[in-house]
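**Student:** One letter stands for each residue in the lines below.
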Amino acid sequence: MAFLEIRDLRKSFHEVDVLKGIDIAIDEGGFLVLVGPSGCGKSTLLNTIAGLETITAGEIRINGRPVNDLHPSQRDIAMVFQSYALYPNMNVAENIAFGLEMRGVSKPEREAAVGRVADMLQIDHLLKRRPGQLSGGQRQRVAMGRALVREPQVFLFDEPLSNLDAKLRVDMRTEIKKLHQALGTTIVYVTHDQIEAMTLATQIAVLKDGILQQVGTPDQVYASPANVFVADFMGSPTMNLVPGNVQSANGTTSVRIGAVDLPIAEPTEALRARAGQDVVFGVRPEDVTDVASADRSARYVETVDCNIDVVEPTGADKFVVTRLGEKEFTARVRSSERIAPGDRVPLAFNMDKVHFFDPQTEMRIN
Amino acid sequence: MSAASNDIALRTGVITRVAIFAVLILFAVYYLLPLFVMLVNSVKPLEEIRSGNMLALPEVFTIAPWINAWGEAQIGVQPTGLSPYFVNSIMMVVPAVFIATFLGALNGYVLTKWRFRGHRIVFGLMLFSCFIPFQIVLIPMARILGLLGIAGTTWGLVLVHVVYGLGFTTLFFRNYYDAFPSELIRAATIDGAGFFRIFRRILLPSSGPIIVVTVIWQFTNVWNDFLFGASFADFDSQPMTVALNNLVSSSTGVKEYNVHFAGAILAALPTLVVYVVSGRYFVRGLMAGAVKG
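In order, the protein sequences belong to chains H and D. Take the first sequence: its position 217, counted from the start at 1, is 217 in this note's numbering, and no numbers get skipped. Take the second sequence: its position 266, counted from the start at 1, is 266 in this note's numbering, and no numbers get skipped.
One chain only, chain D, in its complex shape (with noise of 0.2 Å):
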């Protein structure tokens, strides 16, 4: 089989590479370009932005748009600067991924090796979390938020985005755990290991790829998530992205593009560090199990 398809890119005619070529180049800029624009004018003063090109390299160099969007800025009453938010979205989004994966990975190990009456029942209920709008959750979940007195609260973000991952991560887990050897799972059942001791020695160990997919899909949206942020947060458990609307969409004084530029890559930067740190993985994982062998 992979002979023929070499015999196919043989055969391919260089007017047909260079039009391929060419496409690619035009959207892989198509797609840098807002990178790009963003990246520029967050290191020009705000009057080169206001008089000159979007598109043009900086005349002067400047990183005081960075500082101001970090320490500086204002946004709503206090001058701070992204900086508590971004501390905010942290203490959000680490104990937010790390629950919600943990609780998928035992789902996922309950729903493929202790299998109950009316497992598949319960795996389709989550699965069908997964499709329901953010927006109809917004005045029961902000009901139970205040029943459990943790409403406003980082905590409380916490509970809402791993109530709202666990569908997604639960079946992330079920399907890489259903192609994981039922045999291994009863052969350290006759060496004398329960429940958890499998799950922790076992299969654990041995579940690298799907914890990386798992992570960096929870992280990612739990990171870019808005919605929930603007309804149930405070100010002082703001996350970052609320920030960063408070920031660019204030309707008083001048437009600090600049700053907004510079504030808006920082919110976007822990997702593009989790990616590229262990984005391999995540391609790796989701194409694991595809085929076999």
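Just chain H, same shape as in the assembly (with noise of 0.2 Å):
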């Protein structure tokens, strides 16, 4: 049985639906990540959770233990904040300590406690000061150490990394996970943010308009998208998604694009079905590179002379944008390749790892 649970899950302000009907279930010691674009409930969700917002329907369990009616403070959970939340008037110390004070810890203990948290995140010489004389990495030590002091079932993080700059944020993502990797804790995690969905997560959960469009491993959903809103979110730069027509002649099934024919090598029973059908076909930067580079453990590789529009270094690789079927295309190239706009390159498409969608229904055709 699954650690924390949610079942049907409903959430309406109003005449307003923000989450209609979330099933997800994480195992002891998982880490959910919670991803969308803003306005997609993730938030929300965290909230009912942790019990800031009341739910309309559904349920959610915590260790087999149905939550739905606690109080936020007798759920087990402890939340990091986007902002942190410390309280400005009281120092590191007291706001670490202050769950404990709450629950009736004894001093002795608390300052034991706090000792041990502030160890762990290295603020021990912080503990005197004040919120307002720390700075944005320091407010977040201390705001994870509130959370942590608690030793509660399950943590969650409403974004938290978000208000930091890009260098420290990834060093902070590295902490949390190694964090979680030392405490084993189930935590629960909101970001809009792609990559750190993809680094910290064992569990992905992609939310669009209060649906979850896919729950699965980040190398499920990166890999294999269930539809064209979880493929085209994430992934940076994002996958591309053109246009095409599955032909099939002589026993081979292709997919058209503009003057290009690709060969589908293995196609599935669904995708020859839809022979003649207009799809959506969808291949990662990553996986259309100049020749040399082309995957070596792939085992269809087709090439393609591409007209290079637009080049983009960004040191370890180079992006080039080119033209599929009158839709723009990026790929990747090895950043010693001398490629200028205007040029003509044969492009290597690792066949194996591409994707089609229903341009309808936008889910993914396996």
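FYI, nobody ran anything at the bench for these hints, they're computed from the structure. Among the clues, some could well be false.
[Said to hold, decoys possible] Dumping the calculated DSBU-like pairs for lysine-lysine here, alpha-carbon to alpha-carbon at most 35 Å:
hint, chain 1, residue 1, chain 2, residue 2
1, H, Lys-20, H, Lys-353
2, H, Lys-208, D, Lys-113
3, H, Lys-128, H, Lys-167
4, H, Lys-167, H, Lys-208
5, H, Lys-107, H, Lys-178
6, D, Lys-113, H, Lys-20
7, H, Lys-177, H, Lys-208
8, H, Lys-107, D, Lys-113
9, H, Lys-177, H, Lys-20
10, H, Lys-128, D, Lys-113
11, H, Lys-178, H, Lys-128
12, H, Lys-20, H, Lys-208
[Said to hold, decoys possible] Rough simulated footprint, nothing fancy, chain H against chain D, three-plus residues with beta-carbon under 8 Å:
hint, stretch
13, 176-186
14, 190-202
[Unchecked claim] To be clear about the criterion: a stretch of chain H counts as covered by chain D if any three or more of its residues have a C-beta under 8 Å from a C-beta of chain D, and this derived list gives those stretches:
hint, stretch
15, 75-84
16, 99-108
From the three backbone atoms N, C-alpha and C, an ideal C-beta is built for every residue, glycine too.
Mind assembling these two chains? They're in different frames, but the hints should get you there.
**Tutor:** Here it is as structure tokens:
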């Protein structure tokens, strides 16, 4: 039985349905990341788990216990807020100990607990300071310390890194991951940053407009996105999605995009059945490369000559923008590759990693 | 932006500067002159006032008018001076300020952080109470005080002032707490703090400036009130303002202007003290939240 279970959760504000039947389950020690664009309901979902928002219908269970009607303080959860929400009138030690104090933990025990957490987060030297005297990264640590000290069953993180600058964000991301590995506590984490989701999660739940689009391991979500939205949302630069047409002739199936015909080596039953029909063809930029850096483990690679419109060096690689079937199309090439706009170069398509979606329903065609 | 305004200030000519300062000084004198007249004449013997110039400095310095105003002057039928009425005012002002400020803070807290259906209407009605002229409520209030059995007592006056002050104190605290981050309340909720605990441990310690603003506002209003004091107080609960009026406008005997001046200053002194002590918070508090950052 899952540790945290959300069943057919619905939430409406007046007439507006914010969450429309969410089902998620996660095992003990899992790291669930709720990801989606702003307004998709991910923070609301987190708040319902915390008990800060009531739910309209459905059930939330933590460790087998229904918590729907429990006060936030009785759900055995701790939360880290986007703004850190440190009490401005208390110093760091008091901030961390506040939750314990409210639970009637004795002073010596509180001090011991604060010391332990401060040690773990390396904030011992800050204990006497006020939040106003701390940097963004330090506040972040204190906010985590306040959650850690309670030793709850579930940690909830509400976009905890979005107020940090880019470099610190990467550092803190690693730190959260380390912390999770060390503690093994179940975590639910909200973010709109799909890279954060990929790096941290054991389970990713992609939300859009209050509807769960896909739940799965980062690998599943990335390698086999359930629909066009997930395919487009996960990954940077985003997946190339172009309209194509499935062709079938002499026993081979191919997808026709503009003037280009890409043979599909082992088409699935579902795809073959679509012969003659339009589909959305998707492939990630890293699966379209210069010929020399084509994935050697790929079973089928197709090479197509393309006209290069734009070259964007990132240092590690170069992203080149070309056109395929009148749509912009991004490929990743080695940074040592000498390519200039206007060149015509062969690009290698890794046909093991192409995706097909239904243009009407936008669902994946397996 | 600051660089641009610096430039403008530098380019101002000497003549403009002189003109500006001349006007400023003129108005300062204009506003300080009454205080000067009161001070100077309160330390002169009465003959000097009657024979001499109101603006002249005293030839003979005496503090007798002050002693007289404080402890000896005839007020109503008793030669008690203003001192018992001063005590009456203190007994009225302190609870009125404390209760109204506390309830205003509580209202502001509920209206921003524990919103309920119709919270806007409730706040709107409280705001409306700020604009009701005092005279309208005199008769209903007299009836209520009578029903409660506290007519003519200091506690009756305290009730009147708390009710009247509540609109403003609620307005002050509501606007202040509106800018207070709600995530702090949520964090404290998860930490296990209840309604009053959050109020006392999280909100109140951060409310210094607005408490000062509210206290000054409420203190000044209650202390300076004459209408309610004159309408609802008995002889033994009359506030300072009513006593001052009885002192100054008594129709019998010689008009002792020096005593009147001293009494008027005595009556104004507490509000002056409150303002001087905490005035800088008042300005800061009124500006707080006006601009971001």
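**Student:** Run every hint past the structure and note whether it holds.
**Tutor:** Hint check:
no.: 1; hint: Lys-20(H) / Lys-353(H); verdict: holds, 32 Å
no.: 2; hint: Lys-208(H) / Lys-113(D); verdict: holds, 29 Å
no.: 3; hint: Lys-128(H) / Lys-167(H); verdict: holds, 27 Å
no.: 4; hint: Lys-167(H) / Lys-208(H); verdict: holds, 28 Å
no.: 5; hint: Lys-107(H) / Lys-178(H); verdict: holds, 29 Å
no.: 6; hint: Lys-113(D) / Lys-20(H); verdict: holds, 27 Å
no.: 7; hint: Lys-177(H) / Lys-208(H); verdict: holds, 25 Å
no.: 8; hint: Lys-107(H) / Lys-113(D); verdict: holds, 30 Å
no.: 9; hint: Lys-177(H) / Lys-20(H); verdict: holds, 30 Å
no.: 10; hint: Lys-128(H) / Lys-113(D); verdict: holds, 29 Å
no.: 11; hint: Lys-178(H) / Lys-128(H); verdict: holds, 26 Å
no.: 12; hint: Lys-20(H) / Lys-208(H); verdict: holds, 10 Å
no.: 13; hint: 176-186; verdict: holds (count 4)
no.: 14; hint: 190-202; verdict: holds (count 7)
no.: 15; hint: 75-84; verdict: holds (count 6)
no.: 16; hint: 99-108; verdict: holds (count 3)
Consistency with the previously given hints is maintained throughout, with no hint failing.
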